[in-house]
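Heads up: the protein sequence lines correspond to chains A and B, in order.
Using our numbering, read the first sequence as starting at 549 and increasing by one per residue.
Using our numbering, read the second sequence as starting at 379 and increasing by one per residue.
Watch out, some of these pointers could steer you wrong.
[To be verified] Straight-line C-alpha distance at most 25 Å; calculated DMTMM-like pairs for lysine to aspartate or glutamate:
id, chain 1, residue 1, chain 2, residue 2
1, B, Lys443, A, Glu643
2, A, Lys650, B, Asp444
3, B, Lys443, A, Glu598
4, B, Lys407, B, Asp389
5, B, Lys381, B, Glu438
6, A, Lys594, B, Glu440
7, B, Lys413, B, Glu440
8, B, Lys407, B, Glu440
9, B, Lys381, A, Glu653
10, B, Lys381, B, Asp444
11, B, Lys381, A, Asp687
12, A, Lys644, B, Glu440
13, A, Lys650, B, Glu438
14, A, Lys594, B, Glu462
15, A, Lys711, B, Glu472
16, B, Lys381, A, Glu640
17, B, Lys381, A, Glu604
18, A, Lys711, B, Glu440
19, A, Lys602, B, Glu472
20, A, Lys602, B, Asp387
21, A, Lys579, A, Asp726
22, A, Lys581, B, Glu472
23, A, Lys683, B, Asp389
24, B, Lys443, A, Asp591
25, A, Lys711, B, Asp444
26, A, Lys573, A, Glu584
27, B, Lys443, A, Glu640
28, B, Lys381, A, Asp691
Calculated from the structure, these hints are not laboratory results.
Note that the coordinates shown come from a computational prediction; the quantities given were computed from them, not determined experimentally.
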Amino acid sequence: MAILNVNPTRMELTNLKRKLLTARKGHKLLKDKRDELMRQFLDLVKENRELRAKVERGIRDANMHMSLACSTMSEESVAVALMLPSQSMSVEISEKNIMSVKVPEYNPVFRTTQEGSIYSYGFAFTSGDLDYAVKSLYDIMPDMLRLAEVEKTCQLLSAEIEKTRRRVNALEHVMIPDYVDTIKYITMKLDENERSTTARLMKIKDMMLENAHSYK
Amino acid sequence: MHKIAVMGDRDSVSGFACLGLETFFINDKATGERKLKELSNNGYAIIFITEALASELSNEIEKYKDGITPAIILIPGVSGNTGEGMSSVLRSVERAVGSQLLD
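Kindly produce the complete structure, drawing on both the sequences and the hints.
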């Protein structure tokens with residue numbers, strides 16, 4: 549039982565009662581926020597894990613072909629083939645709002661839309677495995693962007709959930725009990741004052757009557 | 379318009395150049411830290427980074443977790459999958475929930 553350091557007065561009591569009401573309201577709202585964030589977060593984490601598994605598998609395939617290409621071609625010719633990309637890719641970010649957490653959404657922007665533009669080299673002097681490697685990376689790219697989006701969202705949400713969780717706990721286990729205890733303490737103190745005033749008045753009345761009429 | 383970067387050892391990232399991503403060949407920790415700082419200050423939206431390199435830069439990467447850009451995403455390198463990417467997902471779950479509820 550912890551009591552806040554306040555004077556036991558009627559004014560403090562009203563203030564505290566108001567604060568307790570606000571704290572309870574805030575606690576309820578934050579709890580709802582936490583639950584909703586958590587629900588969305590768990591859905592996203594599930595998607596995140598599936599996407600990650602898929603992307604990792606795709607990259608492993610690409611790397612496998614890349615290793616094959618590197619083993620059949622000289623290191624320089626691979627480097628030359630990949631040196632001047634004809635495609636260029638960037639993203640536009642739009643912000644989405646999940647329970648007042650701003651999360652990014654990516655929209656890819658390509659310089660050219662031709663599918664062949666990913667092959668930045670002539671086919672004459674390169675191994676077919678290089679084509680496979682590039683193709684499988686290209687195929688996995690939309691998933692990689694989605695993965696980036698989902699994983700970033702998960703990171704941002706988890707930070708927000710952590711914060712909200714701490715706030716809910718602080719309200720629930722520290723602030724609200726403190727207010728309740730302090731209110732109880734002040735009420736008891738005020739009642740006690742009232743009783744002692746009554747007792748004192750009765751005593752004075754007795755003394756005055758005794759003086760005036762020699763009553764006992 | 380924001381660019382996408384790929385960081386890691388030469389063999390792991392060179393393929394991404396064909397897709398029009400910007401690749402940076404990084405072999406040691408110091409250059410990695412410098413490059414990561416430079417890229418995130420220059421408006422790169424997504425930075426893909428190989429797990430091997432990421433494990434050396436984990437302190438730096440941690441700093442960018444709470445900002446909206448850049449998104450730093452781990453990808454397996456040519457030397458194989460270390461599982462670091464998946465466990466970073468699980469870590470964010472642990473951060474949110476307070477305990478580990480997925481296996």
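**OP:** Could you tell me which of the numbered hints above are not met by this structure, giving the numbers in increasing order?
**Re:** none
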